[in-house]
Each structure stands twice: as C-alpha cells, then as structure tokens.
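J.: In terms of the working numbering, the sequence shown is residues 1 to 170.
Since the hints were made in silico from the structure, they are not lab data.
Check each hint, because a few of them may be wrong.
[Claimed, not checked] Listed below are the simulated DSSO-like cross-link pairs for lysine-lysine, each with C-alpha atoms no more than 27 Å apart in a straight line:
hint, residue 1, residue 2
1, 114, 134
2, 85, 132
3, 119, 85
4, 114, 85
5, 134, 85
6, 119, 132
7, 134, 119
8, 132, 114
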Amino acid sequence: MWINEIECIHHRRLHHLVVGLDIEWRPNRSRYVQNPVATIQLCVGRRCLIFQFLYAHSIPQSLVNFLANPWYTFTGVGIRNDAMKLEHDYNLVISRMEDLRTLAADVYGMRELKYVGLKSLTLMVLGIEMNKPKGVTMSRWDNQWLSLAQVHYACVDAFLSFEIGRILLS
1 MWINEIECIH HRRLHHLVVG LDIEWRPNRS RYVQNPVATI QLCVGRRCLI
51 FQFLYAHSIP QSLVNFLANP WYTFTGVGIR NDAMKLEHDY NLVISRMEDL
101 RTLAADVYGM RELKYVGLKS LTLMVLGIEM NKPKGVTMSR WDNQWLSLAQ
151 VHYACVDAFL SFEIGRILLS
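Please model the entire structure based on the sequences and the hints provided.
T.: Below is the structure:
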C-alpha cells in the first residue's frame, strides 16, 4: 500500500526518487551474537513506512522490488552497513545507495564529515538540533508493539535521511 502510494504520487520522478532509509534491531548484548534487523524505516517526502520483519509472515515482493529498483536512490548514514545487514539477515538487496556522510563531505568540501552521525549532519545541512534519546535508540526494537517514542524516532530518522539526501543530491 505505502509503496503503491509513493510510486503513484511521485510517478513523474520515479527515475530520480530519493528514499530515506534506516534500520533498527535489538541492541546486541554480546559481540558474538548479532541480533537480526527488527525494522526498516523508509521515507519519501512526509510519508514514512516502518516494516517489522520479526512479525511478518513473509517479506512482501513489492518491498523486495522497491529496494532493488535501480532508479531509486536510498540515502542514510552508514547505509552500506545497513544494506549488508539486510542482505545477511533477509537476503534483501539495495541496488542504489548513497551515504549521507560521503555526500556531505563532497558537497561541502569537508573530509571530516565522512565520520559524523545523522545528528551532526542534520545540524550542518538543515540547521536543526536533533534529539536522539538513548532510552529510545537503545530500546527493544524487537518488541511486537513499538512505543510512540520509538515510532516517532524511527520516522524522524528516516525523514531526516530523506531530506538531507534530497538536498545534497539536488
């Protein structure tokens, strides 16, 4: 449903669609046990999707195709690591991605931006202070029912990844 809406709304721009992407998982308590991705968050404009892998009977083919579409550019901080984790955990392939840190470093001519997080990029590119409460970022993303704080955080993260990507790629 979300994917159909996005592709319908943005049908004139599908060859240049920017999609903010982030993932969350239950914090790892041991370096020997890696918890699987619990959620993927996608955002285009003001429309966000949170998909919970752990409670889905299967991954919809429409999501598989959306992520693999070579015309869409997925943007995020550390997106290559996110893509590797998605491929390892669920065999999902993201065909085209841009790390916001690299984009910002190139656009602003500041190599040190390759090592910052979303919070710093948000301040640099958008001029907005971002709040990342540890109680939410390190919470149980594997719970079946996410809290309102988790949903808010997940959507904000994906939206900022979209908005910064949109600006830096334009």
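J.: Going back to the hint list, which numbers does this structure go against?
T.: Of the numbered hints given earlier, the structure breaks none, since each of them holds.
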